[in-house]
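**Q** Take a look at the letters that make up each chain.
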Amino acid sequence: MALSENIDMTVQNSAAVEIVVIKPSRGLVDLDLKGLWRFRDLLHAFAVRDIRLRYRQTALGVTWVVLQPLLSALIFAVVFGFIAKMPSQGMPYFLIAFSGMMGWTLFQGNLSRVTPSLVANAGLVRKIYFPRLLVPLGVIPSVLLDFFVSLGVMIVLLVVYEVMPGPGILLFPFCVLIILLLSLGIGLMGSSLAVKYRDVQHIVPFFVQLLMYASPVGYTIAAVPAWLRPYYLLNPLAEPIDTIRWAFLGLGEPNYLYLGYSFVVSLLVVWAGLIVFRSCEREFADVI
Amino acid sequence: MSSDEIAISARGLGKAYHIAHQRRQSTMTEALLQRLKNPFARAPSEEMWALKDIDFDIARGDIVGLLGRNGAGKSTLLKVLSRITEPTTGIAHLSGRVGSLIEVGTGFQPELTGRENIFLNGAILGMRRREIAKRFDEIVDFSGVERFLDTPVKHYSSGMYVRLAFAVAAHLDTDILFVDEVLSVGDAEFQKKSLGKMDDVANSGRTIIFVSHNTTAIETLCRRGFFFQGGRLVHAGPIAETLAVYHKAVKPALAGDSLQPVIVRDREHFRSFDVVDEFGESTRILPMGTPLRIKAKVEFAEKIDYPVFIAYVEDDSGQVVLSAASPKSEQAITSLSGMAEVGCVIEHLPLAPGEYSLHLRLVQGPLRLDETGCVLPFVVRDADTFKDGWGARKGICVARSRWKAESKVADAVS
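In the order they appear, the protein sequences are chains S and G.
If you read the first sequence in my numbering, its first letter stands for residue 863, the second for the next number, and so on.
If you read the second sequence in my numbering, its first letter stands for residue 74, the second for the next number, and so on.
No lab work stands behind these hints, which were simulated from the structure alone.
Since the model is a prediction, treat every value here as computed from it, not as a measurement.
Beta carbons are placed, not taken as given, at the ideal position from N, Cα and C, and that holds for glycine.
Among the hints, erroneous ones may be present.
Computed Cβ-Cβ distance ranges for the label pairs, DEER-style [claimed, not checked]: (1) G/L222 <-> S/G1030: 45 to 53 Å; (2) S/L898 <-> G/P183: 49 to 57 Å; (3) G/E211 <-> S/R900: 18 to 26 Å; (4) G/G278 <-> S/R900: 19 to 27 Å; (5) G/S410 <-> S/V1149: 15 to 23 Å; (6) S/L915 <-> G/A104: 26 to 34 Å; (7) S/G1028 <-> G/T224: 48 to 56 Å; (8) S/A1134 <-> G/A104: 15 to 23 Å.
Covered stretches of chain G, going by a simulated chain S footprint (3 or more residues, C-beta under 8 Å) [what the hints assert, rightly or not]: (9) 149–158; (10) 199–207; (11) 351–362.
Construct the complete structure from the given sequences, taking the supplied hints into account.
**A** The following block contains the structure:
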């Protein structure tokens, strides 16, 4: 009996042998989901590394993650609320600024960490094989952790200011998803280009800066002149950022048409990002 | 050989690199400007085949050593087979789980502790988390750093660093293993230990492809040898036979007038290095006892403070017989940036006539930043440098000596 069991084992083993075929890739690329799945523990390892480094190296640690959005929100509240006297519909301007900051920080944080990720891991890319997509994907958990910290701050602020979010809060995760997809898609393109052209890392922050003023971060969409709004909302970030504010504070009314538009754009951007990344991938080790 | 006994097969495998004749634009602004100036121009480039028409079959459990000079295609083949880079032509089949033991310490994070690095590095090498957890004690045991497991590895000595990195890599559980120059690390004792570990690995029935400039290690570990020349596989056979072909083919390269600096490819900082004579011309033959002059080109994308360069000279068995490091204090190199040329003179190279090889390493504190990866072979030839009429004598090193002798006239007792 024991013998036949043994034989069964070997047969199973040899059936499970994985065959790797190496040949030049042509035409459109696939995502290699199988490879990603096989290396899923590496995603975990990258995430753990990023989070540990981020929270260990800085003297202030978590405090910094809490302080950063608070300080920026404070500055925005002073500039837009106090000096420019933007409309606030009676809501404390600090809350308006902070709720805008949440969506924006997620976008900017993810983009600014995904873009340089490949170059930062050049040593690995040059010397060892693993699905390269894991490098940019691996930074997302640490960005999300930052985001959850600021979500915690938001909840504290809501309690302090005695604001109760309505059922609109259900749209919040959807907006987060749109913002994540947008930043990931652009970041994927940026990171592939940064391998070839190192100045991409300096160009991206500049455009991100411009984009911030074109997004309802320090002000609400209500402050944008009505005739300009159809064009303003072409920025796919605008509606989700404002909808997050609405979800928490109940300010204004989400424009579902534009929210849907943002979602479609975000899917397209991620798709384009993946295509660019995968088709540049075959050259990474040669040029990085 | 039936098909399920073959672990690796390659048919017509080739890899071409395009070498641009003008400087490649490395910023997007430059690239765009160039495009605007000459919208239809294509950058003139030349195809360089680092690997061409490679056919072979490697049986399951076979241990193959790759031989060849720098740039012959050994490393490119490993890169293609380990999927770091794509081939330009041809196809290869690998059956079984593939792992690489390339460059000890790749992916180590100085800020993380030893324990954290074991898991990170294991995952990078393709190990599952529970697999690493299962072999964790074994890895720690082999590395001998258990007391410092929870210390960030930036505080490790370079020896500990290397031992831990090798320990992780050596415990990879794969059917096919690629090994590239990993044995030339650590002190003599650890080298012996790691060579022993490689022996275990070799006898465990795995298929191994092995690249090293240490021909002794190749001879002891490998059963078959592939000899590469100019990107082509020119000889495949039993290891002793291949080594003989290799030695015969490689030796004349030391002489001749077309000597050039060794170009270092795919490294972060090193670009080329060379052994030169007193006029700065490349040379590969040094008269015994004369200075060894080394020149290297290094590039730094960012300014680097207090880099230390180390030159290693190995004998033909791969034993490091001499090392020289740039100073740590006082005359230390304070900082370098951009393209830099490093020069080193080892006065009166004290080595007996024979064949040697040179390689360089760049470190900063306990961190190893880069190494040349390839070696530069040179010969010390017999010469009467010390003007004592002898030239070579017994031993592995030579030194100028002064002798004095006089007859002590015994005090005549008168």
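**Q** State for each hint whether it applies.
**A** Against the structure, the hints:
Range check, G/L222 to S/G1030: about 50 Å between beta-carbon atoms, so the 45 to 53 Å window is met. Judged by the Cβ atoms, the range 49 to 57 Å given for S/L898 and G/P183 is violated: they are separated by roughly 28 Å. At roughly 23 Å, the beta-carbon separation of G/E211 and S/R900 lies within the given 18 to 26 Å, and the hint holds. G/G278 and S/R900 have their C-beta atoms about 23 Å apart, which keeps the hinted 19 to 27 Å range intact.
A hinted range of 15 to 23 Å for the beta carbons of G/S410 and S/V1149 is consistent with their spacing of about 22 Å. Under the hint 26 to 34 Å, the C-beta atoms of S/L915 and G/A104, about 32 Å apart, fit the expected range. For S/G1028 and G/T224, the Cβ-Cβ distance of about 51 Å falls inside the hinted range of 48 to 56 Å, so the restraint holds. Between S/A1134 and G/A104 the C-beta distance comes to about 20 Å, which sits within the given range of 15 to 23 Å.
Only residues whose C-beta sits within less than 8 Å of a C-beta in chain S count toward coverage, and the segment 149–158 of chain G has 7 of them, enough to reach three; the restraint holds. With a cut-off of 8 Å between beta carbons, the segment 199–207 of chain G has 4 residues touching chain S; three or more are needed, and the interface restraint holds. With 0 residues having a Cβ less than 8 Å from any Cβ of chain S, the segment 351–362 of chain G misses the three-residue criterion, and the hint is violated.
Figure legend: structure checked against the earlier numbered hints; hints not met, in rising order: 2 and 11.
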